[in-house]
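Trainee: Let the sequences and hints guide you as you build the complete structure.
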Amino acid sequence: MFDLRDIGVLYRRELRCALRERTIIVNSIVLQIVLYPALLWLIYSGISFVQGQTEGFTSRVALAGLPEEHRFLREELEKDERLALTSSSDPESDLRAGSLDLLAEFEPAPGAPAEAGNFKVRLAYDESRDRSRLALERMTEIVARYRDRFVLQAGERLGLEARQLQPIRVAMRNTASGRQMGEFILGRMLPVFLIIMLAVGCMYPAIDSTAGEREKSTWETTMTFAVPRANIVAAKYLYVSTMAACAGILNLAAMLLTVKSVLAPILGEQVGRLTFAIPLAAVPLIVLMDILLAMFVAAGMMLLASFARNFREGQSMVSPFYVAVFLPVIFLQAPGMELTPVTAALPVVNVALIFRDAISGVYRWPLIGLALAVEAASVALLILLAAAVLRHEDFVIGSCGGSLGRFLKQRIIGAGARREKAA
Amino acid sequence: MNRESVRILFLHEMRMLARDRRTVILAIVLPLLVMPLMLYVVRSIERQRARSLKETTFRYALSGAEAGTVRRLIAARRAPGLRLEELPVTDAEAALRARRIHFHVRALSAGEAAALEEAEGEVSRRRPREAPAAPGEEAARPAGVPLVEIRFQGDREESRAGAAAMKEYLLEAARSERDRLLRERGWAMDPADLFRLERRSVAGAAQAAGSQIGKFLTLFFVMFLLSGGSVAALDSVAGEKERGSLETLLTTAARRSEIVAAKQLAILCVALAILLVNVANILAYVNFKLIELPADWEIAIGPAAPAVMVALLIPVGVFLSAVLLSLSAYARSYKEAQLYFFPVYLVSLVPAVAAVLPGVSLRSAIVLVPLANVSVAVREVLAGRFDWPMIALAAAVMVLAARGTMRLSTRMLSDERLITAADLDAAAWARGPALFSRHVFAWYAVMAAVLFAAAVNFPQLHSFRTQLLFNELVLFLGGSFLMIWKYRLPVRDALALRRPRAAVWPAVVAAVPAGHLAAAGVFRLADLVVPVPQRLLEQFGRELMPADVPAWQLYLFVALLPGICEEIAFRGPLLYGLRRRFRPATLVLVVGAIFGVFHIALFRLIPTAFLGMVLTALALLTGSIFPGMLLHAGNNAYAYWLARRNIPVSEWSWGWYAAGAAVFAACLYAIYRARTPYPGLHRVDAPRK
Amino acid sequence: MNEPVVVQGLTKYFYDESRGEVRAVQEVDFACRAGEIFGLLGANGAGKTTTLRMLATILAPTAGTASLLGHDVVREPEEARRHLGFYSSSTALYPRLTARETIEFFARINRYPAAQIAQRVGELIERFGIASYADVRVDRLSTGMKQKVSIARTVAHDPPVLIFDEPTVGLDVLNALELQERIREFRAQGKTIVFSTHIMSEAEKLCDRIAIIHGGRILACDTLDGLRRATGMRYLEDIFVCCVKGRE
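Residue numbers (the working numbering), protein chains in the order written: chain A, 171 to 593; chain B, 959 to 1647; chain C, -2 to 245.
If you're looking for bench data, these hints aren't it; they were derived computationally from the structure. Note that the Cβ used here is the ideal one computed from N, Cα and C, for glycine as well. The reader is advised that the hints may include incorrect statements.
[Unchecked claim] Residues on chain C that point at chain A, a partial pick, calculated with CB under 8 Å: (1) A89; (2) Y91; (3) R105.
[What the hints assert, rightly or not] Pairs of lysine to any residue, SDA-like flavour, derived with a Cα cap of 25 Å: (4) K1444/B - G141/C; (5) K290/A - W1145/B; (6) K290/A - G1144/B; (7) K143/C - S129/C; (8) K1444/B - V196/A; (9) K386/A - R1157/B; (10) K1247/B - Q503/A; (11) K386/A - R1201/B; (12) K386/A - G141/C; (13) K249/A - R1157/B; (14) K290/A - E1135/B; (15) K386/A - G212/C.
Mentor: Here it is as structure tokens:
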């Protein structure tokens, strides 16, 4: 039934046409490659801009009633470049108007012995202004530091050593290697992006090869080829799967090349020690799963889009399937979500989990086998459905008015009515 | 404009939309189904995560010379809710890797800590300005203080969470120990009462909440309006062109402006309807606690705020629907319109983000930037601050922008090339040069991506010299000649290798310092809207003038090489390829903007785009690439010379900039008088009314 | 029968939701000789397109048989299509292929000998005067140019049987005349041509024999002179009306 030569000729034609179609090139190829550099530029620029804004803020602070014995606090406030001490005749109004960021009023602390030098600080600010909130944070932090130093000095006067007053200091040390951290981050990000972008890369070719042909009136032309219809469908399916798989691989490559830079403004200095790489041994498995997923998504989208009369209808038909494909990946973020017999039996989710494990060099072969079988079975089921639909002549010559519902109604309900009539 | 015509056309548009049930249902029903599901799942995951961490007993190993101290501190402190269990292990690191423990607490003596830190080169640590030392960490390092190192596996959530909890626990325990010692020595004060802070906000809870909501309101408005409006807009003109019904419509008695008004009204109605559905959605989510608002929020909107917001947001709606309509009019098919939609969507979101940025005030240049001004104004209004003159100015700017965009869509419907879907330009059949004009943007997009990706991913290119050599020679020069070869472009024309008139040269030489001053003025103006981080400026200066490179090499790399290679790239094939696609003024803007984008950093974009526009204008006026080369190389060399002598041009007074701009304008005028126009530019046909 | 095209008792019923069973073609019989232009003349909805689609194996007959060069359209559809060139106003070209690529593709997919394809393509480009735009994408061509490319691709694999289903719809006078001339050339080459139209003058000028089809049935089938003798009318229009009214 399948003539590889015919399928080859048809497949090459589909590819050639696709690579000349701007929409397909942009969505299936260009977007996969440039999305991350563009994202990088946007993030870098955005963060630089915000940093520029924040850095430039000097918090305008008015002090009132700071005790003379705490002049060191005043000196510390004056030394801090982030603050500008100012005076105000009506601080409340100035706070509301935004010309003052913070008013710090010092009062003796109630009930404390006078010689302790304790005070209470009333910090008045405007919660609805970012600058004012920033001033509050800065002031809080400076007072906290002053407090600690004051306690240390008080302790020394009481005969305590500094070491007693600070029994320990604590430091955190991440012992995960740069590679492990890279794998962790990649494992969180990569499957999600891969699945979404694979579906994006698949959508246009799927619609173009089905609804698009009806729209361009080349559907009938195609039906007159001297090849079995099955070969035509096989070639189209191969083409759409190819585009989807390539979109996935391109996305993966682009992500690996740019993820470090995308995360640099967010992770800061830490990003330097991270290694973002996929173990070479994992590549064949990842490519295989990418191909299977591409075949699954291609089959589903083509089946739905083939009912549409034009591109726009095709998009409407395919959108719910597209959503259904990427929705399960949200579950990946759930704690403890890993490849189990249950998750291995769920299409798309199983692929995402295998990706994540493969990045970390973990291979649960029996479950991988189960996932492969499930994916293959899903693909086969969709292809069978497609074959069943294509057998119907009214579908071949038209598209049932672009209505899947009408097709089902005619084929199932309508067939029932005809059988009754015949009886 | 005939209102009755507009009404008839509007009803016709709405009827066509209403009959496309599938698209409209999907635009409304699909988000209604998907969003709550996603929110529910996300919330469940978060709750599950929090519960799982709360119920976890964190297992840890304790080792080191000061393990006893740590054990004592842990025992002395009771922390309800945190479950800790010490496990005796022989090899703590192995146990951590094998997941038998969540983290490893290594208590080092002071001597061991000092040796460790010296070995790691951390003798002195400089803290970044925004993150001063937390108490107990590094601010003061009294001698003889043990270091407790909490070692965890960053790629495991429980390990991270456990280590963070343990750190807080130990710090609190250390504080408690300190306080106990002080009390024993007779210190009467409770350290917790020392310098107690009381916070009071002059803004009410409603104002604070309003300010937070106001930051995002315009952004969401723009997002929903664009995505909802696109449902109607993309098919409105582009789809009609495809079907051939646009021509039918244009042959009726209705005016172009009436057709545009009716379509725009239809787009606006659909967009607002979908927006209202989504808003109702969100309110339902808040009601059913799928989205939880902060507990201290109080939502109270005064009587003036809704009216002011409507006055601000309606022009935004009109503006955006006009943008969508223009996009649809420009595209030749529905698919093409969709292609343009995504970048337009992203670009429209950027100004709408203005309110999120800290410290952006309505009383600044931002009031003149459409969308950004409304974004900030809405935030101020919801925060209960009514700066009436600025609000009125923002609304006026928005109305002008909306009007301008509506006129643009009307003009587009008069452009013959855009009305018909077919393109039968016989010249386009020819391969080579004619094809290049269609591909030129793609080539430069790829070059920009390569520039970016290469700089980021290849450490070999991180050095000043190699990066410049790669960019200038390989990318710009190599890329230009590749294009010339592939499309068989005539070299002389593609590179504008023509001799300009002699009178041009003195004007160009005089324009070097004057232009530099003018550009500095532009930079200062840009800084008002896009403030440049000082750190970035300093870093840029260090990168451009590395200390280990001799001056003559710097002049070569910074001035001569870019002056030649960048001119070849941007005033060569790029200008040549686009010369027929845009009118001269637009060509200057487009080529200048692309030149700016290639300089990557946001803070350099506006001044370099300005320089790019000047250089493009120079090429168009003289028909030659050579004056631009001189101006570009001269400008860079002059800037470098000033920097070497620490002459801070960017801090001069505005008078200097104005003077520079005046001299520069005079030079440009002189060049204009001696002009030799660039051949083959776009010719404009008078638009039909 | 040894004729290249043989149709016997060809019937097609559709089921329509609103109208119920629709008898589009009812027991149509005809045979076409080599080197003949056989015309199917009828109004819109008469059953011409349905009949031709069954011959082109796009639709399956409800009853009856049809064969192209002895290959039954139901049992050997690929073989039937291999010997057929089908041209219709609803069979458009692939917009993103160039004219040359289009012709080459159709030759290849319809099993023209691979070694001869390049030569065949060159010949067709020459014959149809497509050389000046052979390497231009189809979506950039004018209607007339597209028509030439369409005809070229129809005969790319040199099929012995050609079906033209209302081919002059939408063409201007000059292009329509040129198409008619091509069809005559094909007849001169010995090809069997089935030509459907509702334009009387076209049928008069081109067809060797004309079958008048109405309501899915063939009401008359003869040469123009034979039809004139049978009906006593001179003009085909009158002959057509006479046949249709006579049936009613």
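Trainee: Please verify whether K386/A and G212/C have alpha carbons no more than 25 Å apart.
Mentor: violated (30 Å)
Trainee: K290/A and W1145/B: Cα distance at most 25 Å?
Mentor: Holds, at about 18 Å.
Trainee: Using 8 Å as the Cβ threshold, decide whether Y91/C counts as touching chain A.
Mentor: OK, holds: Y91/C within 8 Å of chain A, min 6 Å.
Trainee: Taken at face value, is the distance from the CA of S129/C to the CA of K143/C at most 25 Å?
Mentor: holds (13 Å)
Trainee: Are the Cα atoms of K290/A and E1135/B separated by 25 Å or less?
Mentor: Since the Cα atoms of K290/A and E1135/B sit roughly 24 Å apart, the hinted pair holds (cutoff 25 Å).
Trainee: Is the Cα-Cα distance between K386/A and R1201/B 25 Å or less?
Mentor: holds (11 Å)
Trainee: Would you settle whether the hint for R105/C is holds or violated, based on the nearest Cβ-Cβ distance to chain A being less than 8 Å?
Mentor: holds (5 Å)
Trainee: Is the shortest C-beta separation between A89/C and chain A less than 8 Å?
Mentor: Holds: closest Cβ of chain A sits about 4 Å from A89/C, inside 8 Å.
Trainee: Is the straight-line distance between the alpha-carbon of K249/A and that of R1157/B 25 Å or less?
Mentor: holds (23 Å)
Trainee: Are K1444/B and V196/A close enough, with their CA atoms no more than 25 Å apart?
Mentor: Given pair K1444/B, V196/A holds - Cα atoms ~22 Å apart, limit 25 Å.
Trainee: Within a Cα-Cα threshold of 25 Å, do K386/A and G141/C meet the stated pairing?
Mentor: holds (18 Å)
Trainee: K386/A and R1157/B: Cα distance at most 25 Å?
Mentor: Violated. K386/A to R1157/B sits at ~69 Å, over the 25 Å cutoff.
Violated hints, listed in ascending order, are 4, 9, 15; each of the other numbered hints is respected by the structure.
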